[in-house]
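All chains, full assembly: derive it from the sequences and hints.
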Amino acid sequence: MSKTVFLRSQKYFDISQIKSEAKTKNIDSKIFPLLKNPNFRKRLNKHMFPKKNEGSNFIQVKTKSSLEFELLWLATFIKIYKEPLNSFVIMQKEYLSAYFNAEYEQCEEILDTIHNDYGISIWLIESYINLYKKLDNSYKKSEKFVDSIIKSNVNVIYKISSLLLLLKSEDIVSPTRYEIELDRYIKNWVIIKDLKLKDYIYYKFSMNLVNQKLDLGKIMSMEENLSLIDRYHTAIKVLIDCTELEKVSVNLTVVNKVFSVLSSIVDDPVSNYLKVKFMKSSMLKNEDLINQALDFYTSGDYKNTLEICDRILDEQPYTIEIYEIYIKSLLKLELNSDLNDKQLHGNIINTTLKFYDLKNGNDENDLDTILKICSENANNWWSWKLRSYIYVIYFGTKSIKELDTIKQGFIISKYIKPQLLSFIYTNTSQRNEYIGKIFNNQSITYKVHEAYNASNISLVEKLEIDKNRKYRLLANLHSNNNNFESALEYYNLIDTKDIGINLFEVSLGKIKSYIELNNIDMAVNLIVDCYFLNRNLLFEIDNFKIKETIVDFNFKSDNIDYLIYIELISKYLDDKIFENKHYYFEDFVKGNYIDFISELDCTSSKYEMNKIIYLLKNYCDVDTMSKYYLFENYEEVEEERIKICKTLGVIDCENLEKYNDEIKSITQSIQIKKYSNALDKSKIYVDLDGIKKQVYKKIKDNFLRLQEYFKSLKDKPEPIVFTSENSGENEIYKLKGNKYSDIYNDIVYEITDSFLDSGEYGLNVYLSVGIRHGTLLGQLRKLFEKDNFLTLFDSNLKKYKSNIYWLEKMEIQDSEIKEYIDSILSTFSEEIDRNLFDLKDSKIQVSTKFNDNVSLFNYYINSIELFVLFTKHANETDLTFESFIDDIFDFLWKKTEVNLKNVRDYLNNDFKQILIKQIGSMKESLNEYQDSVNLDEFNQKIINLRTDLDYQIEKVSTWFTKENVIEIDNFTVELPVDIGLEYAKSINGNNKKCTVDRNIQPDLQIDGKYLKWFVDLFITIFDNVFKRSGMKELQQISINISEDENKAIRISCINKVDLSIEEITSRKAALHEKLKEINHIIESESTEILKRASQEGGSGLYKIVKIVKYDIKPVNSKLEFGINDETKEFYINISMGSGGIILENFDH
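Residue numbers for the sequence shown follow my numbering, beginning at 1142 and rising by one.
Among the clues, some could well be false.
[Said to hold, decoys possible] Distance windows between CB atoms, simulated: (1) LEU1336 to LYS2209: 46 to 54 angstroms; (2) LYS1337 to ILE2057: 25 to 33 angstroms; (3) GLN1247 to ALA2210: 53 to 61 angstroms; (4) ALA2210 to LYS1542: 53 to 61 angstroms; (5) GLN2071 to GLU1740: 33 to 41 angstroms; (6) GLU2184 to SER2066: 57 to 65 angstroms; (7) GLN2059 to LYS1839: 16 to 24 angstroms; (8) SER2066 to LYS1337: 35 to 43 angstroms.
Derived from the structure by calculation, the hints contain no laboratory data.
Keep in mind that this is a model prediction, so the values were computed, not measured.
Ideal Cβ placement from N, Cα and C applies to all residues, glycine included.
Here's what the structure looks like:
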């Protein structure tokens, strides 16, 4: 006999010690003797049903426990507390009846009683939160309740649970969003990691969990300190997972022992599934109201079906099993529901009824409504059933196969209809057992199940049931027996009303039959027709034969259904299957004897109007049409899309506003591309007017002396002699003249220096600001970043970060090989960056040295060139400062043209080959490990990289052309905002997503000559946002532009930042100092701004000052910026005088 464990005076006990000493075979003998001790019983009661204000002294067992042991351990306590558990279930049902009937005051009283009698539980927390949401939709009561949980002494799992359940209850949190947030919380909450609760939280709170490797024994042991109610609920789920879903193998003897205990609990899962699964004889009453309702429905007596269902709903409105027959009986009798939407069951049933209205276009919203209800009430068995029922009517039977939670819902249901039974119980004997235990063998429902399960067509034909239901059952059986012609015969006998009610089932059966009979045209037609009746069948059918037919072009080219089917497949299943869908588009156009789709006669009766609208709206998009061989350029494609939108505006006038918006968007896109391309080719810029004004002051006196000298030469010419320095290839000719030739040379050098290096106006500052400052690196590095080929340099570790993305994709098992691969990828990142920085810091630089073979912008001027210029000007009869300096500018522009060609040649040849060689070297190194590494996807992405490389380098090379004047009279400020945003997104990687809240004064018309500078301004602003906000996924930007009463243009840009408190504090202080510095420099030594703006890197704030002050040149300007640490937002405010910039009296 085992020894009873007590501590001092037997007043306390150590349940942890008892559990650690217990074995599978002696649990009862360890626990039951202790029950004789009143102190033990009192203590045990508190721990089985802990109150909100009471903590638990149980200690979690750290030794690994088997699932069999945990089940038997828990069963012992369920055996002891079966009466309180049954009482809880009764009160729970009372609560649900009140909750479904919107009797919320009564609900609160019941919940308070449950808490007083049975303590806290996850079910209770969820119920309180949902109830308080009904009583106060501001969430204040719910939040107050959760706050009381957080501050109480309850187990930490309840505190975590309350936060997750509150999140789930929020109206804006859809089930999908909840799953995303749940995953994020699990990964980021330190407490979950510290307590190793990850698997437990997933198992208890995720409805989408698909993980066969969870340690269910450990999950059960995690609940040692929780209420017996929670542990009981978890045990039910674990038993279903083990015995039916076969996630874990459990000893059948143990399962039977646990069930023998659970059978004493009168609850849905026990009564429905476990008794069917394990009891030897039927435990369900044949006179049960549900069975009566089923019999009436089966025999076609829909009036009595409704009467019985109403009785059931009055008493137990949470009986989900009858919802379908209730709804279909209403439809059969063409009656409306009398249920009130304020009642939960009324809301569910009325919302589901809309699904059967083929004119209802809000199916997705209705589905979301019901799934939200299921998600909010996930700790109730009825929500499992409802989710399963809704999934099947919306998505078909495949959802049962693919989602465990859908199968679980049917497993615990009282009734499963014959068409679904084989998906739940795959074995015939299991189905026979189910039918025998659930139904009276004399009932009509039993006979239907028996005949259908046996696939006995003659028995079904003899059944006295609704004829349409008989036809459906016979059609399904013939289809199951591969007799598809007979199946179609029966499907075609079903009347229109019944088809409407059972459209999903009937259509799927017919489509399957058409496909098997190789009548693909009819199958595709029915798929498309059903889609336009808001029934998407693609997920349920075998699309292989249809795809085969399409790939082989084995259909009439003018059959519109096939194009719509291709579009649907691309949208819902796989957009890669028909990547060449433009071929079918071209054939369709030819099949209609037209050249362009905009020429299609939409008024003819050849095609149904809804199909034409769908084709034009969805299939004929810019991307598909851009591959059509008759279009010579992208602009023609966009013009064709505009024509299509105009046609759609006529034939689908309800959506006219959408089509007009698309036309506006395309037109805007055309304009953005036009000016973006022009701006790309105007990056090489020199402000000649600014240089003239700057240089004139410096050379005025010397130029006047030259003028006088040139005049004197006409009367008294002087010889000019050349001498040579050095010899051989590097021989330098030097002009030996007089003091005036030296003056001339100094003037030319002075102009050249200003042309190149003037801080305000010179070429070098525009090279730096327009190309080297982020733009060049951003444009080229994004090539490699797009598919994660590059990582960033870790300045703390002094090395490049590991390429986790590809290390995981390559499925490397050997740790040593993984280290080698990591080294190869890091080396590649280092080499690419080194060459990109070399291009920026060495090649794209300006030099005036004779022997500089590195810088591609070389402006060395030799003596012969000086002599030619000197002679030209000496012989001019009317030399002015303007003509003189223009000649020097022309001379320098010619040198610039040569340099630009050198840059373009270098980029498209030498530089590209350097990158290609590095790619090849990396690939060669990786191939040494190809037997141990999965390189399939990597190699495909490398091919794409090579293609992109050609395009991007060609694009960058177009930047190096002499400025093009953008001819535009004026523009609204929206245009540079749009161009700047798109450009910033481009150089930071096209995956940059952002939302922009705009408040821009619509009548701000700006003089066209300022377009380049306003674009540069907004590129810099947005580029700063993308690079420095710290936002990982979505950039959030707000921009306001207006002209105030003082004739000042005010630009305000605010963006969210995702930075630590320490980082925000640090940046705020740094920005404050930078603002003081900028203001000081502007006031005292403004040329310093140009030096700072020319420096690559940094935030671009100096560049903004440079653009505003020296390029736009308003009368006055002001800049403010900083971080608001309360709202976690960066702000930048710019004001500038609008005089001469904004056009006055523009009639907009």
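Any hints from earlier that this structure breaks? Give me their numbers in increasing order, please.
Hints 1, 2, 5 and 7 are the ones this structure does not satisfy, whereas the remaining hints hold.
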